[in-house]
Amino acid sequence: MSVESMKMMNIVGHFDDFHQIMREFILANNMQFIDVFRQIDESKFTLEMATENIDEILEMSNLQTYQEQRDLKKLEEKIMLLSQHMDVTLKFEKKYCEESYDFIPIEKKINEVYLTFEEDRLRIEGLEEKLARLEEMLCVEALDAIGVNLDDLYSMTYFDIMFGRLSQENRRRLSMNYENVTAAVMHIDVPKYKNYYLVVSPMSLKKETERILRSVYFEKIPFDEEYLAEPKDMLNKLKKEILKTEKELSKTKEKIKNLEYNYIDDIKECYSKLIMEKKIESLGEKIAVTDHFFYCSAWIPESKVNKSQRLLEKIEKNIIVDLKESEESGLKAPTKLKNNWLSKPFESLVYMYGVPNYKEVDPTVFFSITYMILFGAMFGDLGQGLVFLLAGFYIQQKNKMFGELLSRVGISSMIFGFFYDSFFGYEHLISKVIPLDIFIRPIENINTMLTVAVLLGIVLLYLSFAYSIFNKFKDSDVEEGVFGRNGIVGLVLYTALLLIVANQFLESFSFNQQFLTIIVFITIVLMLLKEPITNKLKKEDFLYHESPGEYYVESGFELIETFLSMLSNTLSFIRVGAFALNHVGLFIAFHTMADLIGSTFGNVSMFILGNLLIIFLEGLVVFIQGLRLMYYEIFSKYYIGDGYKFEPSGLE
Amino acid sequence: MKNVAKFAALNTKIRVLERELLTNKDYLNLIGLNSVEACINYFLEETYYSKLLEDLKAKDLSSVENLFYKNLLVKYDKITSFLHIEYRKIFKAIFMRYEVEHIKKYLRKLNQNKTVEMLYKNFENAKYSDLDYKVLSSAKTLEAFVEHLKGTDYYKILYYHLSSEDRLFYMEMSLDIHYFNRLNNEMKKKFGHQKRNTILEILQKNSDLLNIQWIYRGKKYYNFSSEELLNYVLLTGYYFKYKDLKSLCYAKTTQELVNRLKDSKYGFLFKDEENFEFLMERNVERYIYQLFKDLEKVSTLNINKSIGYMHKLEYEMRDIFTILESIKYGLSIKDLKNKLVREVKGG
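As given, the protein sequences belong to chains A and B, one line each in that order.
Count along the first sequence starting at 1, add 747, and that's the number in the working numbering.
Count along the second sequence starting at 1, add 360, and that's the number in the working numbering.
Quick caveat, the hints were computed from the structure, so don't treat them as lab data.
Check each hint, because a few of them may be wrong.
Here are the computed lysine to aspartate or glutamate pairs in the DMTMM-like style, where the Cα-Cα straight-line distance is at most 25 angstroms [to be verified]: (1) B:Lys494 <-> A:Glu1028; (2) B:Lys516 <-> A:Glu1028; (3) B:Lys500 <-> A:Glu876; (4) B:Lys500 <-> A:Glu823.
Derived DEER-like restraints, expressed as beta-carbon distance ranges [stated by the list, open to error]: (5) B:Thr512 <-> A:Lys1004: 31 to 41 angstroms; (6) A:Gly1077 <-> B:Glu414: 44 to 54 angstroms; (7) A:Lys954 <-> B:Thr512: 44 to 54 angstroms.
By construction, the Cβ of each residue, glycine as well, lies at the ideal position given by its N, Cα and C atoms.
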């Protein structure tokens, strides 16, 4: 319902307890650590002058940031590599970190497991490499047609033989200058081996040939001597060897897999603890340490203070905890919103505009109710609302916030749809089932719809005036709260203007016109003079912040803008009625098209198409229009939203 | 009309950027200064580079150079946001050149077993490049470096030469060829159907000039076989086609080669009998710079202006480096002027 109140907690403890305390805090996930040095620099980190605190105070002259000595990155790399090989995805699990532990044995264990794997891993790498080589050599098949023993060919004394690949383009290049190449280049014209060549060059020109071939990117495929034989025999030999290697490979992989069962729990445990260590390390820069003590500060919601204190007491009695009100800390407190289940999902829409600052009233409840009403009124349909509701339930599994949002506006749409007597665009269907006289069909009551929309707008604007005035007074801003356009004077002016309009258009309504005119006049003067009057009241020794000329030109224009925005803010709500009509109008269009087609198929297809289009397109438009009304017409009146979120330092 | 939509905003942006380039007067003033620091002060006080050099910490050459290189990438990012999508590929290909330069720098260091940890340490990944400099800089050996490039076009090229002797030379050579072929392909795809395209012509003339330099040096200093020379030439020349290049590669002596080139369209490179070799690189650059400057006169609503600008910026950077280095080592004004890509008039 509101912004939760925050406390600043300053903690000094023995360094021996540091690890355990941090671990517990991180698991509890309800404190937001801030840079303790900033608190100390601003002399907000104070310790009570008492004999038992003497060591802690003395050592404060010798503060350093906390730095982790271990190289956690290397350990993490090792663990990641292991998890890759064992094909498991690691997740942080709380249960491993609940007891206090020493990290050094963990580190040892990681290294130990890694070493066990390392040997097999290298073996696998070697085998895979060998396999690749063997498979490359399979292209000897291409030489089958020559029918020569390769052993003889490759052991010639005066000629050098090379076998390899050449790309089409480079082959052209070579052939263009073929008369000057110092070798015979034979194209192996076997379909499967199109780009393979056999190069024969005199041994004495071997170097030149190699250089020329290199300049056309000839990819030489060397044959291992042990396999050289007739191509057919070679092929058999190679295939046999490949089978053998593959067997060995799968055996080694199997071995690793088996190891997995022995070590999986260890690795999971190590991983969770490693993540915890990393988190503590990352918080380290905000924490100050000396030889014997550590000092830290954190924001904590008031409701969690007791829990944290109990936690600290459990660990060690001798810890100094200093609790401060948020104002005393000299820092802007973070905002943690506390809302009921109905309004909670709407927080995200509020955040889209801005996070409420710590001192502001949380607008979420007002926002959620208003938004649901506006959405339902614009998009009222029992059937389609149900679609939103179901879609919302489905999406909740993937995107919790959006799903919940969708189901809530869906319900609102269903309620309005019921009273609009509209089910998937068919009017008069619900009223047939429930023959009561409680329905209001928008298209038959156009004027009522539009008028009610504007009236709704006026109510909402009054509520936002109330919010605005409340916020301004809470912030003790007299100038805006009393004399501002969204303050009391603004409220009076708006009321007077509404009454004048009512006088003009409603015959049954008559209010003293002269009195109203005088009130309007007075409020205008007050708004024009708001700064000098405020300063006079506050007994400041100046009247204006700038030169009076500038001030009056500025506030003159502001006044014009005030009138314009009062008019446009009010009329803006007509769109709520208009969209309700528009919704029906679109259906009428689709019904007409269905009638034109005439057949049952046409009817059904138009029904589906029309509903899909309306759900997606109009649903989106109404969603945005609702936001627009909330942001521009209402939020701009009173909501500042320059706070920042409370983000506890935990592992989520 | 279509071209207005594509180029109006871009060309306006280019015009603004071109105004930031140094003028002839700036060059005259810079040449006259007598210390690197004075030059930097001049940049800070009198030119648009003041913004760039503002956060220069050490006033030494290499930090200045780094900032200028960075400037190039910043300008690239600026231009690409105005660029019509179909031209982005071309710009990406043009900028592959810097990617190639960076890879070469890595290769050279690693080949000498030097550490590359600090190389491009704070290099933000620019839009033009998909390379992950952080990963690349973590390589300890050349082999590991090549392995890090897996998945890019460069991997295959570098991997091929990994075990050959003189691998550095062949790697660099293949990278350059890869770059030029890629650029040429992109340009051809875009402009090949046009009867004449000035940008494509400049690129092809550039290929000619690179071929000339390659054949000349390969013959005179490196003793490459004619076959090898021929296999590494770029086949994307303007005047020199395969047949012409073949006859150049098979020239019996260097003198014969020079004589043949003297009769070609690029005879101007060899006019100065004594100094032509010393001046060759500058003359080539000056020639191409002139081609880009000529482009301005005919440029209308097309991509030429922006490509021209990028090259002008590149040449300006080279000239600035030449000036700073020459001043550092106390070259005479006349020699300095001689080394510049542009001809500085007056003074």
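Hints, one by one, checked against the model:
{"no.": "1", "hint": "B:Lys494 <-> A:Glu1028", "verdict": "holds (23 angstroms)"}
{"no.": "2", "hint": "B:Lys516 <-> A:Glu1028", "verdict": "violated (41 angstroms)"}
{"no.": "3", "hint": "B:Lys500 <-> A:Glu876", "verdict": "holds (22 angstroms)"}
{"no.": "4", "hint": "B:Lys500 <-> A:Glu823", "verdict": "holds (21 angstroms)"}
{"no.": "5", "hint": "B:Thr512 <-> A:Lys1004: 31 to 41 angstroms", "verdict": "holds (34 angstroms)"}
{"no.": "6", "hint": "A:Gly1077 <-> B:Glu414: 44 to 54 angstroms", "verdict": "violated (35 angstroms)"}
{"no.": "7", "hint": "A:Lys954 <-> B:Thr512: 44 to 54 angstroms", "verdict": "violated (31 angstroms)"}
When held up to the earlier numbered hints, the structure conflicts with 2, 6 and 7 and fits the remainder.
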